[in-house]
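Asker: Here is how the chains run, residue by residue.
2 protein chains.
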Amino acid sequence: MAWFRTLTRFSATAKSWPVRTIPTSPSLLLTSLRYFSTGAAVDNRPPPARCGDLEPTRGGEKPRVVVLGSGWAGCRLMKGIDTNIYDVVCVSPRNHMVFTPLLASTCVGTLEFRSVAEPVGRIQPAISTEPGSYFFLSNCKGIDAENRRVHCETVTEGPNTPDPWKFNVSYDKLVIALGAEALTFGIRGVNEHAIFLREVHHAQEIRRRLLLNLMLSDVPGTTEQEKSRLLHCVVVGGGPTGVEFSGELSDFITKDVRQRHAHVKDYIRVTLIEANEILSSFDDRLRQYATKQLTKSGVRLVRGIVKDVESHKIVLDNGTEVPYGLLVWSTGVGPSSLVKSLDLPKSPGGRIGIDEWLRVANVPDVFAIGDCSGFVESTGKPVLPALAQVAERQGKYLAGLLNRIGKAGGGRANSGAELDLGDPFVYKHMGSMATIGRYKALVDLRKSKEGKGISLAGFLSWFIWRSAYLTRVVSWRNRFYVAVNWLTTMVFGRDISRI
Amino acid sequence: MAWFRTLTRFSATAKSWPVRTIPTSPSLLLTSLRYFSTGAAVDNRPPPARCGDLEPTRGGEKPRVVVLGSGWAGCRLMKGIDTNIYDVVCVSPRNHMVFTPLLASTCVGTLEFRSVAEPVGRIQPAISTEPGSYFFLSNCKGIDAENRRVHCETVTEGPNTPDPWKFNVSYDKLVIALGAEALTFGIRGVNEHAIFLREVHHAQEIRRRLLLNLMLSDVPGTTEQEKSRLLHCVVVGGGPTGVEFSGELSDFITKDVRQRHAHVKDYIRVTLIEANEILSSFDDRLRQYATKQLTKSGVRLVRGIVKDVESHKIVLDNGTEVPYGLLVWSTGVGPSSLVKSLDLPKSPGGRIGIDEWLRVANVPDVFAIGDCSGFVESTGKPVLPALAQVAERQGKYLAGLLNRIGKAGGGRANSGAELDLGDPFVYKHMGSMATIGRYKALVDLRKSKEGKGISLAGFLSWFIWRSAYLTRVVSWRNRFYVAVNWLTTMVFGRDISRI
Numbered sequence: 001m002a003w004f005r006t007l008t009r010f011s012a013t014a015k016s017w018p019v020r021t022i023p024t025s026p027s028l029l030l031t032s033l034r035y036f037s038t039g040a041a042v043d044n045r046p047p048p049a050r051c052g053d054l055e056p057t058r059g060g061e062k063p064r065v066v067v068l069g070s071g072w073a074g075c076r077l078m079k080g081i082d083t084n085i086y087d088v089v090c091v092s093p094r095n096h097m098v099f100t101p102l103l104a105s106t107c108v109g110t111l112e113f114r115s116v117a118e119p120v121g122r123i124q125p126a127i128s129t130e131p132g133s134y135f136f137l138s139n140c141k142g143i144d145a146e147n148r149r150v151h152c153e154t155v156t157e158g159p160n161t162p163d164p165w166k167f168n169v170s171y172d173k174l175v176i177a178l179g180a181e182a183l184t185f186g187i188r189g190v191n192e193h194a195i196f197l198r199e200v201h202h203a204q205e206i207r208r209r210l211l212l213n214l215m216l217s218d219v220p221g222t223t224e225q226e227k228s229r230l231l232h233c234v235v236v237g238g239g240p241t242g243v244e245f246s247g248e249l250s251d252f253i254t255k256d257v258r259q260r261h262a263h264v265k266d267y268i269r270v271t272l273i274e275a276n277e278i279l280s281s282f283d284d285r286l287r288q289y290a291t292k293q294l295t296k297s298g299v300r301l302v303r304g305i306v307k308d309v310e311s312h313k314i315v316l317d318n319g320t321e322v323p324y325g326l327l328v329w330s331t332g333v334g335p336s337s338l339v340k341s342l343d344l345p346k347s348p349g350g351r352i353g354i355d356e357w358l359r360v361a362n363v364p365d366v367f368a369i370g371d372c373s374g375f376v377e378s379t380g381k382p383v384l385p386a387l388a389q390v391a392e393r394q395g396k397y398l399a400g401l402l403n404r405i406g407k408a409g410g411g412r413a414n415s416g417a418e419l420d421l422g423d424p425f426v427y428k429h430m431g432s433m434a435t436i437g438r439y440k441a442l443v444d445l446r447k448s449k450e451g452k453g454i455s456l457a458g459f460l461s462w463f464i465w466r467s468a469y470l471t472r473v474v475s476w477r478n479r480f481y482v483a484v485n486w487l488t489t490m491v492f493g494r495d496i497s498r499i
Numbered sequence: 001m002a003w004f005r006t007l008t009r010f011s012a013t014a015k016s017w018p019v020r021t022i023p024t025s026p027s028l029l030l031t032s033l034r035y036f037s038t039g040a041a042v043d044n045r046p047p048p049a050r051c052g053d054l055e056p057t058r059g060g061e062k063p064r065v066v067v068l069g070s071g072w073a074g075c076r077l078m079k080g081i082d083t084n085i086y087d088v089v090c091v092s093p094r095n096h097m098v099f100t101p102l103l104a105s106t107c108v109g110t111l112e113f114r115s116v117a118e119p120v121g122r123i124q125p126a127i128s129t130e131p132g133s134y135f136f137l138s139n140c141k142g143i144d145a146e147n148r149r150v151h152c153e154t155v156t157e158g159p160n161t162p163d164p165w166k167f168n169v170s171y172d173k174l175v176i177a178l179g180a181e182a183l184t185f186g187i188r189g190v191n192e193h194a195i196f197l198r199e200v201h202h203a204q205e206i207r208r209r210l211l212l213n214l215m216l217s218d219v220p221g222t223t224e225q226e227k228s229r230l231l232h233c234v235v236v237g238g239g240p241t242g243v244e245f246s247g248e249l250s251d252f253i254t255k256d257v258r259q260r261h262a263h264v265k266d267y268i269r270v271t272l273i274e275a276n277e278i279l280s281s282f283d284d285r286l287r288q289y290a291t292k293q294l295t296k297s298g299v300r301l302v303r304g305i306v307k308d309v310e311s312h313k314i315v316l317d318n319g320t321e322v323p324y325g326l327l328v329w330s331t332g333v334g335p336s337s338l339v340k341s342l343d344l345p346k347s348p349g350g351r352i353g354i355d356e357w358l359r360v361a362n363v364p365d366v367f368a369i370g371d372c373s374g375f376v377e378s379t380g381k382p383v384l385p386a387l388a389q390v391a392e393r394q395g396k397y398l399a400g401l402l403n404r405i406g407k408a409g410g411g412r413a414n415s416g417a418e419l420d421l422g423d424p425f426v427y428k429h430m431g432s433m434a435t436i437g438r439y440k441a442l443v444d445l446r447k448s449k450e451g452k453g454i455s456l457a458g459f460l461s462w463f464i465w466r467s468a469y470l471t472r473v474v475s476w477r478n479r480f481y482v483a484v485n486w487l488t489t490m491v492f493g494r495d496i497s498r499i
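Line by line, the protein sequences are chains R and U.
Per the UniProt record's numbering, the first sequence starts with residue 1, numbered consecutively.
Per the UniProt record's numbering, the second sequence starts with residue 1, numbered consecutively.
None of these hints come from the bench; they were simulated from the model.
Mixed in with the good hints there might be a few duds.
Below, in silico cross-link-like pairs of lysine to any residue (SDA-like), each with a Cα-Cα straight-line distance of 25 Å or less [stated by the list, open to error]: (1) R/Lys227 with R/Thr320; (2) U/Lys79 with R/Arg494; (3) R/Lys166 with U/Lys79; (4) U/Lys79 with R/Gly493; (5) R/Lys265 with U/Lys265.
Please read all numbers here as calculations on a predicted model, not as lab measurements.
Given only the sequences and the hints, what does the whole structure look like? Please build it.
Answerer: Structure follows, in structure tokens:
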């Protein structure tokens, strides 16, 4: 009688369904009605005209700090801002901060991508909970300092996502932390063919490309020559990023590729091309040590200047042609086109010009921090290097300054100009670190390039490097994840799934 | 004298660079020369013609088992194959197996994507280490049973990656484990606008879309109506996948969205649309329990048949229009277009027709397992449901069978037909499981839909479900990661970074 039981059960459910749902959730039924009736209306009309702006704050409200960017500077600032005094509005095309010092490790699976991305909402919970604070997933398109507002445009993602729309955000205090742009020196083909290493999606692309090339070179029909090309990873730029990536890559090759891609292991090569000297900011002995270690671990160091980049090869100024399968570009950063376009005072080098208190010179209520900012000449101070360290320190300082201003009642637009701002910002260099793979790193604790100080190399400093970063990763969740990632990589090797 | 120290250091390095590198790595210099000289040659010629095939095995070599696909069936088979007897060649467009039962959890950040992806090279290391075994990142384009070979084409990824090329792979034994395709019932717009939930990149897309919509609805210029639409998540199909995803989603909303997206929390809704009854394969009491729990946790259950899908709304057969911001489609699977196109015997329902020993009827040396296969009518057996459970069991059985055949010397093409194959494959259903969120799950241990048996619901079965899957995740690495993911989710909440 199985068929009969089934039959009755089926009909039973059929009948009982509405009977079950209606009483348990009348509210839901109502909402559903609201939905379904309004549904037609939405789509028979053209998409509604966008007309929303975030208007200037009124008497009853807290003064509003608008932060452009979610990098080291912007996030450190938001972390320190007193949300009892200010509402915070962050405008950025990405909802997380990238923990850049560890980004290179994610390309080869030493770390998971998520472990190096810290959601802004976790750094400053107010932006997603406080009524007057917001995070806007948008790009800044311009600044109207006259009327104290920022022009923004939402980001989009192709089909089935809303078309981007423009809106304005009024501010009481504006903090520009837009960061910088990778330098290409106007070399043709860089933007088209090279991958930078600044965002998580860059690391993801490098990883996908690397694994694709590894697998394609194992497929019948690939010539010897082509295998060599596909598996030739070229890194341009011998700064910390380029060196760290080369180190990670050679680690990946020696430890993982040899086992997991045994058929093609003899074809994979890493070449690091630098115009001058690698790690130029580091102590001479450290540089020599790095050179020795990298060479030992199979990284070919080539001195040369890239003249032209094509889809499968680069051309050096001496005419040498270097075929590649993966090209990573890390030759430093410069002012972004947006920063260049802004009608604001500039520092030597074209960054946004700031005074000792990180205020944009002569523009009331506007501040600039991080890679996008530099001291104006009149301060007599040098433009600081584009380092996470500098950005983090400036963000911390400015948070304190704004809190002081706010406490003194100068939080509103066009006020607080006469307040005593206290000590100006002074940058103390805490030294530089760079890993070079194989549990080795460099730690240069000199206060300046010319100064004296301690320099460490090898396992000890690798350990220092690891722990230093581990404690710097913003949330406990990610500290924990990074530790777990490092552990599993040591125990199980790197992850090689291509997703 | 700082400037002088610098000066000397600079020049020192400049001079010492070549001096340092040459002695330490003559081999590298040689390779570099090889590279750079051949470099020019590579790119001044048109890309070399692809002419490589994997030829039939010869006397000295092991017989070759070619496996098409890297899903449950194919991977379980490769895991069990005795690589002392056979060389294994896997052809698949993805280099990992997706642990499908946990895929839904990755969309909302309960699990990391990587935790549910198991690289084929870790399941069967031989394919990346043994000289005669390979993994080819390629699609199967056709089967030439006459000449015992498979037509393949490599996958590509747009610019800067090689154009796809065709090649052939000869086999001694062929195992077709190509899986199935999501059913759309020919409804217009499904492929364009809906997201399936079968691959990791689907889960990634769902996650990105969900977070994009959450953030866009917080931006000035979004109308009330539009917020409701953007944050309306519609799931079509009330099978285990659809139910599990709805459950995870409502978990995500109640536990995370309320805190982290407080501004828009009242707009987000989940609707599950099913033509008949949800979880139709489950015990009636379990189904009622699921319905109650889902409704309680805010999932709106709607009975209806989707007639048409547009970019911002779906239309039901009764004319109701349902606007949506995210549309997930999980209405079961059917034979893929490739399977349909193959000139092989078919089972009822158009799958590849197999006999009791999983051999493709009347096609020597060709086997088929998993969702792509079904018993031919003459066996008198029913076509088995498209479940991971079935695929896994078939893969295991066939590995044993092939090993037996190989040991008996029937491994080569066109041999072993007369060998005693032993017991035919018999499927024993071990029961079904589905989680419905909020630490609750259903476990239906009945042997068949009509049969009697134990049914569990609630926390206990959630725990069983968790542990059952945890022990099923293939590698220890991933078992560990899944456990860690669950732990961190409980402690820190889900991850909300959009990368």
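Asker: All the hints need checking, so say for each whether the structure fits it.
Answerer: Evaluated hints:
| no. | hint | result |
| --- | --- | --- |
| 1 | R/Lys227 with R/Thr320 | holds, 20 Å |
| 2 | U/Lys79 with R/Arg494 | holds, 20 Å |
| 3 | R/Lys166 with U/Lys79 | violated, 54 Å |
| 4 | U/Lys79 with R/Gly493 | holds, 20 Å |
| 5 | R/Lys265 with U/Lys265 | violated, 51 Å |
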